[in-house]
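Student: Chains as they are written, first to last, in this note's numbering: chain A, 397 to 756; chain B, 3 to 368; chain C, 357 to 921.
Just so you know, the hints here were simulated from the structure itself, not pulled from any lab data. Please read all numbers here as calculations on a predicted model, not as lab measurements. Heads up, some of the hints might be wrong.
[As the list claims (entries may be wrong)] Quick look at which bits of chain C chain A covers, simulated, 3 or more residues with Cβ under 8 Å:
{"id": "1", "segment": "521 to 530"}
{"id": "2", "segment": "543 to 550"}
[Claimed, not checked] Derived DSS-like pairs: lysine-lysine, alpha-carbon spacing no greater than 25 Å straight-line:
{"id": "3", "chain 1": "B", "residue 1": "Lys98", "chain 2": "C", "residue 2": "Lys744"}
{"id": "4", "chain 1": "C", "residue 1": "Lys779", "chain 2": "C", "residue 2": "Lys842"}
{"id": "5", "chain 1": "B", "residue 1": "Lys112", "chain 2": "C", "residue 2": "Lys834"}
{"id": "6", "chain 1": "B", "residue 1": "Lys74", "chain 2": "A", "residue 2": "Lys570"}
In this text, a Cβ means the ideal position worked out from N, Cα and C, and glycines have one as well.
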Amino acid sequence: MTAHVILRNVTKRFGSVVAVDNLNLEIARGECLSLLGPSGCGKTTTLRMLAGFEDLDEGEILVGDRVISSRFKNYYLPPEKRDFGMVFQAFAVWPHLSVFDNVAFPLQIRGLSRPEIREKTTKALTYTGLLDVRDSYPNELSGGQKQRIALARSISFNPTVMLLDEPLSNLDPKMREVMRFEIKELQKRFNFTIIYVTHDQAEAMALSDRIVVMDFGALIQQDDTPVNVYLRPANKFVFSFIGLSNFLAVELADGRIYLQGAREAGPVTAAVPPHAPGKPPTLACRPAEIEMVPTGGVRGVVTRRVLLGDIIDYRVQVGPTEVRVQRNVRKPVFSEEDQCGLVFSALHWYDESGARVPTP
Amino acid sequence: MADVRLENLAAVFGTHRVFEGFTLTIRDGECFTLLGPSGCGKSVVMRMIAGFEHPSAGEVFIGDRLVSSAAKKVHVPTESRNIGVVFQDYAVWPHKTVFENVVYPLQIQKVPAAEAKARTMEAIAQVHLGGLEDRYPSQLSGGQQQRVALARALVSKPKIMLLDEPLSNLDANLREEMRFEIKDLQRRTGVTILYVTHDQEVALAISDRIGIMGKDGSLRQVGDPHEIYTNPGDGFVFNFLGVANFIPVERRNGAVHIQGSDLPLQVEISPAARERIARGEVLAACRPFEIDLVREGGATRGLVRRRVFLGPIVTYFITVGQVEIRAQQEAAEAFRDGRALEEGEACGLTFQALRWYDKASVGKEA
Amino acid sequence: MTGTDRKFGIAEILLLFSVLVLVIVVAVPILLIFWNAVVVDGGLNIAGIVKVLSEPDVFQAVVNSLVIAGAVTVVSTVLGVFFAWLVSRTDLPFKETMKLLFLVPFMLPSFIGAIAWKMLLSPRAGLVNKWFMGLFGLEQPLFNIYSLGGIIAVESMYLFPFVFIQVSGALERMDPTLEESARISGAGLLTITRRVTLPLMLPSIAAGALLVALYSLAHFGVPAVLGTEAAIFNIPTLIYQKIYASGGRFEAIRAGTILSSILVTAAALILYAQNLILTAGRFQVIAGKSVRPMLLKLRGLKYPLLSLSVLYIAITVLLPTVTIFLVALLRTYGLSFSLENMTLHNITYILFTMKLTKDAIWNSFYLSLAAALVTMLVGTLISYVIVKMRVRGKFLLEFLGLLPFSVPGTVIALGVILMWSGKFGVNLYNTAWIIFVAYIARYMAFALKSTSAALEQVGDSLEEAARACGATHWQAMKDVVLPLIKPGMMAAFFLIFLPALRELTTSVLLYGPTTRTIGVAIYALNEDGETVYAAALSAVALFIIIVGHWVIKRITGTTKIGGAS
C-alpha cells in the first residue's frame, strides 16, 4: 500500500515512564485506523504526537513525503502548520463564536477571501447538517450538534488527515450510533485518512477499516481488520479486550480435553492443541458462541439467568468452573437450577504467556 | 414486609401536570421496577411513597396503613414510615464513617448499643464491606459508597425499599455486579423493593414485575420481564424495551406489502389485523433478530445499504421498498459460514414474527 | 419544584423573622439615606439636591471619585491581567511563590499602606524623596504622594489582586482543548490569545475590574491619608469632613446623604453591569479532566520578567511593610535608621500604657468577634431559609441580603446614624452598639454568600436520606446539615472577623470618645502627627492580621482573603 502516514520508531517518555515504546505504524490514504486500548496505554499520547502537541523523544513521523516530526533531523513542525483536522472528546467548540464563525475560523486563519470562506463554510455546514443553525451559539445546541460543529470545522479546509480523540464518549448511546455513521459518510465523501483513538471496542469495530490494539507503552498487540481481530484474536489480551470472554482451565485425559475438575461432565473436544506436557493451554471462548442443549454436551447446572433484552445471560456451573453463556431470547429458555449441556463450537487456545496456540 | 398500594395518585403542580389517576399495587416481597423515560414522573411516584412529596390527589397505603391522602388530609411523615431509601447520588454522609452511616437508623430508633453494633456489622457484611467500617466515604469508590447506602437502608429492617436510579453513576462492569447484589439481597431478606429507572436492561435483569410509564405519566403495561419483552402491549413499550423496526405497510391487490415493495409479505395475518391495515391504523413491528437473512430467495427482497460489525453480531440496514429495516446475524457463524452480506448486496428477508401496533402508540422517542 | 399544601408553620415564621432582621438591619438605614436626601420638611426637594451638588467642593469630590475609580480600575486591570497571564500561562519559575506573594496586598489594609507611602514619598519629609534630593542636590522631590496620582498608585497596588485572582483562576481552569483546537486549526499563539483566550477571559476580567471600581469608589482610607493634605476629596472623605467639621449639623448630614445616594446608585449600576456581563458570558469553559494548559516558553525573557515581578512585589509589598516596622521601632520620627535609634518602647507603650490604643485594640477585638458571631449565626439561618426551605416570598430575602454588597461602608455608617440616633426611640450614637449594628449591616452579605454556598453543597438527598432513616427534620439538621456546613460557617466567621478588625471606613464616622477601633486609632495618631505611634500600632495590626490568616489557613485549610477595608 502507499502509506500516507508513517510512524517510525516513535518513542515518548515522561520522566521514567515510557508512554510510547518504539512504535512503528503505517496508514494508507483514505484508511480509517483505530488505536484501541485501555486508559493510559499510550494511544492518546501517540495521537498528540501526530498532532504536534507533544514532541517525540525518538523516531520520526511522516505524512505523504513530508517529515513532520523527526528526532534524527531534529525537526518539529508545530501543530498550526500541520494542516490536520482534529476532533476532541469535549468538543472544544468556542462558546463565544457562532456556529458559522467556529467553522470559518481555520479558513480565516489561512487568509482566504470572504466569498471563498463563505462558500467553503457553507459546504461544510451542509454536509454536517448544521446549515439551519449557523447563526446559533454552541451553548444553545446539543452534544451531538456540538460534535458536528467540531467535525465541520475540521473538514472545512479539506485536510488529508483527521485525528479523532475519543470524540463520541461524551454523547449518549443513540447519538453515538448516529455520529459513527456520519463520520463514516464524511470520510467516504472527502477521502481523508482517519486516526481514531478510543477505549470502546464496539466503536472501534463499527468504524474502522483497521484496528490496532495496544497495551501499555503503545505496544501493538494486533493490527488487523475488525472481523479478524474479533474472530482470530492474536493473544489473550486482545481476546479479553474485544468482547466478552470465558477463560477456562482444562485438563487432558485419554486424548480428550475436559474442563478442569469436571471429567464426569464429558469432553469438550477431541481436537487437542499442541502443548508442553502437563501444561495444557487455556481455553478461551465467547459466551455467544456456546450452544446450550437439554441433553448431551458438557453437562452443567444453570446457576443464574438474567434477561438482558434480546439476550439472555446464563451462568452455568460445570464442576468447579463457571461458564458464561449468552443466547438470543428467541431460543429455548433454561431456568435456574436446570440441567443443561454445553456445546463448544469456536475454541481459542492461549498458552501461559498469552500467545495464541494454533487450533488443531 | 409489606405491600404498597397506590390509588388514583395524582401529581399536579400548578399548571404542570405530571400524572393523574395512577393506580398500582406492589406485592409484598417482590422486586418491582418502575421503568420510563426521563421526565415521565417515576421519581415523583417514588418520592410520594417515601413521603418527600405530597400527592395532589389519591392515596398511598403501605401495608394496611394509609400514609398519604390529600382528601383526608393525612400525611405520615417520612421518618415514621419505616422505609429504606437508596438515592441516585448515594447520599452517604461524608462526615461519618461507614459504620456511623449504617448505624444511624438504629441510633434514631434508640436501639441498645450492643445490639445496634451487631446488626450494623451484619449489614456491612451483607454488602461485602467488612473491614471498611472505619473508612470515610471519600476513601471509597462509587460502588462501595453505593453499598454503604444499601446497608444503611437495610439495617433497620424496613418494610419496603425504594431505589432511585442507584446504579446510573457507576461504570458498566460495576453496574452489572451491583444489579446482581441488589437482587441477591432482596432474595435473602425478602424486603419489598420499588426500583425506579430509565434503563431497561436493569429493569429486565432484576425485576419480578415491571411497570412501564409513558412520557405522559400513564402506566402503559405491568407484567413480568419476559412477558413484557415478548408481548409488549403497544408500540411505545415495544420501542422502549429494545431496538425496534416499525414498518409501514400497504394493501395491494388484496395482499399486504411493505410500503414500496413489490413482494407481498408472507406472514400469517389475522382478519382483525387485516381490517386495521386496511384502515391504515397500524404499523408492523419486529426486532432485528426476528428476521432471517439469505442471499437467494427469502419471503421479501431488499438491498443491504449499510453493514455495522459490532462484535458478537453484525447489524444490517436493509432497504425494502421505501422502508429501511434493521436486521442482524450472529457474527462468528455468519463470517465462518460465509453467510455475511456485503454492503450493496441484494438479500432476502423472512420475518419470524410480526406484531401490529397502532401508529399513535409509537411515539417519536421512547 | 413542587408545592406543598402545608399550612402556616415553622417555615413561615422563620421567613418572617429573617425578613424582619434584614429589613431593620439593612434596608431601613439605606432607605433613610435616600429619604433624607430627597425629602426636606416633609416635601420633595429636588432643587436643594441640585444646589448641593453644584457646590464646588461637592462637585469636585464627585469628579475625583470617578477619576480615581476609573484610573485605578484601568491600572489594576492591566497589572492583574499581566501578572495573571505571567503566572498561569508561561514557564515563569517559582510560580507558586509568586502567586502567594501577589495575593499579599489583599491581606494588608490599604490605609496602612498609604501611611507607609506617606513616610516614603511625602514631598519634604518622605524618606525616598529626601534620599533622592540629597543624592542629586535637587529642590524638587521625586514624587509627591499627596496627589491624585499618589492616591491612584497606592489604591491600585492594593486592589489589583481582585483582578489577578479572577483571571489567574479562570486561566488555570480553562479547558486547554479550546486553545489546542485553535492551534490545530492553524492559529499561532498571538492569534489564539486574541481570538480565543482573551474573549473567554472577558467575564473574569470584567468581574475583577468592576469589583475594583466598586471598592475604589467606596474607599475612605487612602484618600483620607493622602488626599486631605492636598485638599483632594473623594465622596467618602468629603462626607466625613463635612460631618466632623460641622459637628453634625443638618446641612452637612443632608449633603452627606445626597453624596451617599450617588455612591449607592453608582455602586448598584456597577453590580448590575457585572451581573449582565457574567450572565451573558457564562461560558462553560471549565475543563472536566485536569489537563495541563499550554504554557508559553519565555526563553530569553524568563529572567527579566521574573526580576520585574520580584521587583514589583518588593516595591509594593515589602517596602511599605518594612518601612512601617522600622518606623515603629524608631525613638523619634526623623531619626536615621541606626541600631541606637531603635527601641521597642513604642510598641510596649501602645500595647500596655497608652489608653487610646489599649482601648482601641480591645474595642476592635470584641466588636469584631461579636459582630462576626452574630452575623454568622443569623446569616446561616437566613441562608437556610433561602436555600433549603420551600416557602413563598423568599426572593425577598435574597434581594435584601444582597443589598449591602453594593452599599459602601460610609453609607451604611450614615444610614445607621440616621436610624439609631433617637429617631425610633433608640439612641445608640457614640456607643459601641452603633458600630456593632453597622458591622452587621456591612458584613451580612458576606455571611449570606458564604453560608448559602455551603448549604448548596449539601445536597437535598443527604437530608432526605436522614429522614428515611427515621430522623425528624430537626434531627436531620443537627446530624447531617450542621456538621457539613460548619466549614462554611467558620469561613463566614473569619471572612467577617478579620476585615472588621482592621477596617476604618465605617467606624471613622461612628466612633465616640471611648469607642475607637484600631483603624480609627491609627488614623487619629497619624493625623495628630504621632507618626511613630501610628506606625507601632500599624505594625501590631499587621502582625495580628498575618497571624490571623495563618490560623485560618490551619483551621479551614484554605487561604482566606481579607479584601479592602
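Student: Next step is simple, just say for each hint if it's right about the structure.
Tutor: Hint check:
1. Coverage of the segment 521 to 530 of chain C by chain A is violated. Counting CB-CB distances below 8 Å, 0 residues qualify, and the rule asks for three or more.
2. Counting residues of the segment 543 to 550 of chain C whose C-beta sits closer than 8 Å to any C-beta of chain A gives 3, which meets the bar of three, so the coverage hint holds.
3. A hinted pair counts as satisfied when its Cα atoms are at most 25 Å apart, and Lys98(B) with Lys744(C) qualifies at roughly 22 Å.
4. Restraint check for Lys779(C) and Lys842(C): not satisfied, since their Cα atoms lie roughly 38 Å apart, outside the 25 Å limit.
5. With a CA separation close to 16 Å, the supplied pair Lys112(B) and Lys834(C) stays within the 25 Å bound.
6. Restraint check for Lys74(B) and Lys570(A): the C-alpha separation of about 46 Å exceeds 25 Å, so the hint is violated.
Going down the numbered hints, you'll see the structure goes against 1, 4 and 6, while the others check out.
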